[in-house]
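S.K.: Protein chains in written order, with the numbering used here: chain A, 1 to 849; chain B, 1 to 228.
Because the hints were derived from the structure by calculation, they are not lab data.
There may be inaccurate statements among the hints.
[Unchecked claim] Facing chain B, a subset of chain A residues (Cβ under 10 Å, in silico):
id	residue
1	8
2	9
3	10
4	12
5	291
6	296
7	298
8	299
9	300
10	384
11	386
If you're wondering where the values come from, they're calculated on a predicted model, not measured in any experiment.
Cβ atoms here follow ideal geometry from the backbone N, Cα and C, with glycine treated the same way.
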Amino acid sequence: MLLARLSWAYLKKHRLRWALTIAGVALGVAVLVAMRLANQAVLSSFQRTVQGIAGRTQLQVHAGDLGFPEEVLERVQALPEVAAAAPVIEAALDTGLPGQGYLLVVGVDMTGDRSIRDYEFDSGEEAILDDPLVFLAQPDSIIVTREFAERNGLGVGSRIPLGTAQGTRWFTVRGIMRPGGLSQAFGGNLAVMDVYALQYVLGRGRRFDRIDVALREGISLEQGERALRQALGPGFEIEPPSARGRHFEAILRSFSLTLNITSLFAVLVGMFLIYNSFSVAVTQRRAEIGILRALGADRSTIRRLFLSEAAVAGLVGALAGAAAGWLMAQWVASYVGRLMQEAYGVVQNVEGAPADWRLLVGGAGVGVLASVVAAWIPARAAARVDPVLALQKGRHQVLSAGEYRVRRWLAGVAAGGAALLLTAGRSPAWFYAGYVLIVLAALWLTPALARGLARGLRPLLAWLRPVEGGLAVDSLLQAPRRTSATVAALMLSLAMVVGFGGVARSIYDSLVEWVETTLNPDLFVTPNAEIANRTYVVPAELGAEVERVPGVRQVQLVRSARVPYQGVPVLLVAADVAKLARTVRRRPIEGDPEDMHRRTAAGEATIVSESFARLRGLRVGDVVELPAPKGLLRLPIAGIVRDYSDQQGTLLIDRALYRTWWDDDTVNVIRVYLAPGASAAEVKRAILEQCGRGRRLFVLANEEVRRYIFRLADQWFGMTYNQIAVAILVAVLGVVNTLTVSITDRRRELGLLLAVGGLRPQVRRTIWMEALAIGLIGLLLGLALGAVNLYYSLEMTRRDLAGLSLDYVFPASLAAWLIPVILGAAFLAALGPAAAAVRGSPAEALEYE
Amino acid sequence: MIELRQVWKVFLNGRREVVALRGVSLSVRRGETVAVVGPSGSGKSTLLNLIGGLDRPSRGRILLEGRNLAELDDDELALVRREKIGFVFQFFHLLPTLTCVENVALPLHLRGWSRRSAEARARELLALVGLGERLDHLPEELSGGERQRVAIARALAANPPVLLADEPTGNLDTRTGAEILTLLADLHTRLGTTMLIVTHDAQVARACARVVTLRDGQIVGDSSIQGP
Ligand SMILES: Nc1ncnc2c1ncn2[C@@H]1O[C@H](COP(=O)(O)OP(=O)(O)OP(=O)(O)O)[C@@H](O)[C@H]1O
Ligand SMILES: [Mg+2]
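Isolated chain B, as found in the complex (with noise of 0.2 Å):
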């Protein structure tokens, strides 16, 4: 499903060399769910910008269902995120000036449904992350809790095979960090799709059936590979 092979990142810094990943490799299959672990700075949102297709690596290569990401156009990436991928972030992300339809609508509107079709899955899919009750608010009406989980039904509104989640509760309390985290977990059995996720927090990681350990920009732990 996922795979990357020797992939580098550096990053320039005015003259200054940022080398954020070095050499990762790693192979992810349709359905897995990992939990993507480290200290701060050790290139874990770098890496799953490269699985989204945000950005590109320096070097190597990043094969999604066997498409090479390096070699893509921006455009081409674009179209990649578009069909394949949902984001989750840290911060929401959500757009304040739609409501929680339009906000889930959103991708699929730009995969040209109608208004009509996108709306009535977006309502679907409020319902489904328990906010069926307010599709019409704004955002900034909502708790950090309510917000990330019309963060999660937009990322799922086009039914993407992979979802890529950076620190989804590290903005949350903890309690409502479990909740989404329960949420995450629930959706994931139901709709069966490919997740990493990003997090500080121990017992996320716990929860993920593979844990993958970055340190420096290299992975140092992998719990899918049995020792050393």
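This is chain A alone, in the form it adopts within the complex (with noise of 0.2 Å):
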């Protein structure tokens, strides 16, 4: 109780640097917090679509995105197990509608459907939504949702437009559909139509998404799975509807680089300001532990105060963080939704964030272990604290010749056993033990080397100024405890910045050279209007046609399209691969690029992206099984390239070897490569003349897909800089916190400075060049560090978080740009203490208490 006395009079006296504090773990817990809380909104409003949609179906068939021909419905139907079988595509429209976006529309055989999904119909010409030939007869009919006919003002017989791949046509509202059930699906925004029409629509061509199959009576599941198996082969998937949010969680997954980096970095930020805080304190409480020692409080009621001060710190910003973070993920679904949306064209229909309890509560713990575990070694400081040093003032705790030893040798320890895990261990338990053990090496040699540092700066300082110079680091060497607490700070929160630049600048420089020697086609003639979006396909003739258009030289046919891969969708790439590969010259990570070509182009390989082997554990030579609706395609890997198509993995094949496995010969991008001399603005709008006609065609320069691949990668960097910016700001917090400490700290002896005759100017320039050789150590151990923290954020980008390998470069340009901010940091913090050390009396200074 009283202790708790002796911590909130602290508390209270440094209310903006704990409110600082704490404002910091909440920010940690509520970007953890908002990140979970957004991915399950999104997730979970997928799931009610599915549910809504699936009706009575208990499995579903299907074969990823690309579909499958018709004829497999009839071998579906033929099967005594199954009851009733429906044919099902889906695909999300923009409605063109102001303000309404996309319009997820569902095509069914309306023959048969009602054994799957019930219909009920506020109002609709009864003729035709009971009997379903009239509705085939009007394939312009198209039945909406009440929602969504309120929200647009449509009644029965209303029209509205929507693109199909034959430009703009005009729909007839023949039903309005009564809410709950299929009503429900993506948050009312839904409308059906005749299967057959919507193939019509898309381009795609006799080919259906998915046949939705319902069991006859005491048929288990496990059986019906079996017989369908048995009856399609293995290139379909048989599972229950529940199964697609599972897909579709790895696909959001994906998108978790981004998450958990946010995450990661928020918490750490947090945990910094802790450390930080926590070691300041400490330097300014010694007098207080040192005559609690003295009165017989031993090691661990010294070290239980602090710790329970962190943990109540962790509290308070925990509960803040995991509200603030709940108010955020309204905001951050809405963001993941448009980005899964732009970047894996699943368009996403997300209300709101609800709040999760366990997660909350799970949020909130991480933030008060995160805050504990950051005050551990300045608790541990204050347990080790000598009473009678303490309580001897103007005496700092020195570390003894043999203190340093024995740090050296732990960090000597520390840093053999970092390196022998990296090159022993391969799981990541070992690995992460590696980075742990950097970090406590760095922080164990740290005295030895601020010391160091400081020998070796004094002849430049003492060159400076000869008097303030020396006696600026002999304040550092004599206080060697409350020095190294400063520079640990700060190579702490440089070598977080370092990485973190580090990371986003290699990415940034990758994503470059890929979109450099991959997607270098002058123009993209595509039905769709954005690059990444598949829904509609083109038939493979519309390339010939292109490439007769004057001034082509060259047109690459692209099909793409996610697969489920053991489980994940990952892209498959379907093109002219012998073509492609005298236009696309990227570096292979694995294998020769000669040999991979020319075997893919035959059909024998396949080349993946790097993403898609690391995160398998897959090397060239491997082989890869496809499911495709001919049954398993199995192809050896022939290559590993860089591939930022997708992130969890992009697989590369022939054209013909699609077209005889898939049996589609349809296209979603046709690269297009100029004549010499031709200019791509004519190119292009003779394109759109000679075959745009009647046909939904987009064609897009070099220049607007780039755009729009850095578009994406801004919103994605756009989160990294923020990040870049707060690290630094953090960094720069913490120089002027220990900073201040440690100059207000030395008021008494720089009040006997003045006692002695010094000079205002000469104690002021002392206390400057002091912050100024703080900062300078801090920079050159910060930045040391970060070269290593670098090299750890790779490689964990590397094994974890997304599978890419990036090149080492120390982000030099960055790293240039924190010397003159942290040393002006470090001036700007020492100008306060600076004025109020030669303000008061000298008198005044060497009074006790």
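Reconstruct the complex from the two isolated chains, following the hints.
M.R.: Next comes the structure, spelled out in structure tokens:
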């Protein structure tokens, strides 16, 4: 109780610092909670949609986004285990109606669908609804939900425009569905139309996305699944509707690179602020600790005092953070939804993030834990305060030669251990243990290094200002504990900035390289408004038409889509590999470029992206088994390359192979290279004129595609740059905090300096120089540790976060930029205390207590 | 009660070795009052810190009620301080954010007393040192002499058998110093505590039954030993 009074009194005296510290923890927890909640919200909205559409479906047959030929339906319907089987195509189409965004259009076969789904109508032309043949006879029929109808002022007979493969067409509302069941899906932005009409709308040919199956009475799910698998072969996924949530989760997880880094970083910032504030508090409260120790408090009492302060600070911050996180989640959910749509083409209709108590409590728990862990080192230092020295005013706790030796020894062992772990162990546990050991080694070495560097700086400072320079260095040397606490804090924060900035830089560089080597056609012809969207397709013949346009030198046809690979959707890219090999020159990560392209073009192998290989531990020569409607396609990996089309990984195969195994000759992107001297704008116009009539067609210039990709990247990096800015801000805050304390601590010594005849400007300059010296030492150590941290951060990105192996490039420009920022901050931090030190009379500074 | 045998204390000041005590042997009986005098830097404070278990000797044995402090670990020493020792310092070392009562109650709190009984006892002790009126004041609102009284009350709070005072009057004017000494003498007779007082003040020394003189870390005079 009494000890709590001590904590409270100290807290009240340093309100601003504690407010900032607690805000740091709150920020960490808020980001953590918001990210998770938003993720959940997006996922549950997806699941609501799936369930709403599923109806009485027990099993679904699908083969990824590519779909399969119509005749599969007959094979399914022929099975004795199957009671009803209904084909489905789902597509999110841009309505073009103001404020309505995407409309999820579900294509069903009206003749049989009622055995799977119930349709209850508010109103409609009974004849049409009761007689599906009439509905079929009018392919412009569409049914919408009451919600959608009300929002848009639609009634039966109203007409709405929809983009189709043949350009914009008008559809007539022939029925309005009652709320409930199907209407709940996609936040009510849902329409139903005939599946064959939808095939035509999307240009997909006679294919279905999915078959929804209800089993005969008495047939178990397992029996049904077995029968279907036997009948269809290994090229199909047969799962209950709930499994789709899992696939979506997998896509969502691929987005988690950003999510994980952001959360991790936010928590780290909180931890750093706690560490910093407690280091400062322990230095400031040394006398108090000394008194408690003299009165008989043992070490654990002192440690407990600081750790419980940390726990309370953590708890307050965590509770505030959890609440703020919940509010933030509402915004993040829509952001994630939008990102999923732009980057993955999975359209979402997210409505807010509900509070999840387990998550909120868990987040708060993480906050408390992080705060206690961060306070551990300062609390231990507090427990080790020597009471005799703490009570002798003006005397600092020096480190004995023995202590330096022990620390150096510990640092050596830790660094050695880290090196050993790096070479020996492959498992993540070893890797992260090594990471922790390296940081510990750096912390243990800090006093010795700081002392060495201070000595090294002495000639420089003494040359600048003989008296003040010497005094400044002496002050650093006399109080090694204080100095090394400040330096360590600075070092850690700079290491964080460098690691973070370095990873961002590398990813960006590597992205630029990819765009430059791979996305180099002059024009992209596609039926979709955006390059990453794959809703509409065009027939391959369009390629030949485009090639005939004057000014076009070469076209390359590409069909890409997500297909399930071991339950996770990956991007399958089918292209003319032989042609591609001549225009795309990217550095392979593994494999010989000539050989990999030759074998892939021949249909004997596949080239996979690095993320595909790394995240699954695959190498060149390993065989990939890809389910296709015709069976299991087994291909050895001929090469591994860098590719950022998809975070879960990309597989490149030849289009000829695709045609035979998927029975599909459609294309979603035509890469166009121009003849020398041809003007991109003119060719674009010519293509639209000659090929675009009666077709939905977009011709994107290389510039537009690049801009689109970099806009996506910038959305991602926007967050990253914010994080770097926060990291720098935190570093500066740390410098200001610790320096202020360190100088305030020295008021008495400085008073002494004045008393023995030092001039005020001299004292002031001494303080400035001390601050600059600390800033410089912290910078040197921070950049050095940052170089190591960058290595670990890149490894972490490669192993666990994104499967990207990035080149190690020290962010030199960032480092160069940090030097003036940190030195400037150190100088600013010194101004106030320096003025205070010379303001009062020397006698005042000399007084005790 | 207290027994020192061939106690050495060597400080390492960077590379330099400072020998603060060179082979000090001393024995103090229960209830004795001993003044420790000597020039500055002779090792008086060091001696007191060793007896009080704030520090460990480099060599030799220090027996407090039969236990050798040199052999105890850090937490055991803390326990000894808590149970056996009361400290009074030249610079008072009160906690500035706690009131007088709370300062005095602190050692009791560390011994696990309830807040109510610790504060009741603290009030008693403050009355005993003549500060019954100043219970809820903060140290900064008190004069130097009053602060030292609070410190004495705190040192006696847990009723320790040994009271160690390092220049308790060093930071006070002569008159206030004399008052503090009277108080200490008075408490000594009432409570029977064993007392060691480090002092520069000849008057203080004269008031004690026994005077030990240190020079360069060695005992060069002890009034209880008649003649050299
Ligand atoms: N923590 C320490 N580190 C290094 N040397 C120390 C330390 N404490 C004391 N000394 C040295 O030990 C010697 C004895 O110091 P001590 O404080 O015991 O003297 P003292 O008799 O109490 O002097 P004063 O009357 O000035 O208080 C001195 O030379 C002092 O510099
Ligand atoms: Mg002394």
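S.K.: Could you run down the list of hints and mark each one as holding or not?
M.R.: Now for the hints, and whether the structure bears them out:
no., hint, in the structure
1, 8, "holds, 8 Å"
2, 9, "holds, 3 Å"
3, 10, "holds, 7 Å"
4, 12, "holds, 9 Å"
5, 291, "holds, 5 Å"
6, 296, "holds, 3 Å"
7, 298, "holds, 4 Å"
8, 299, "holds, 6 Å"
9, 300, "holds, 7 Å"
10, 384, "holds, 9 Å"
11, 386, "holds, 8 Å"
Consistency note: the structure conflicts with none of the earlier hints.
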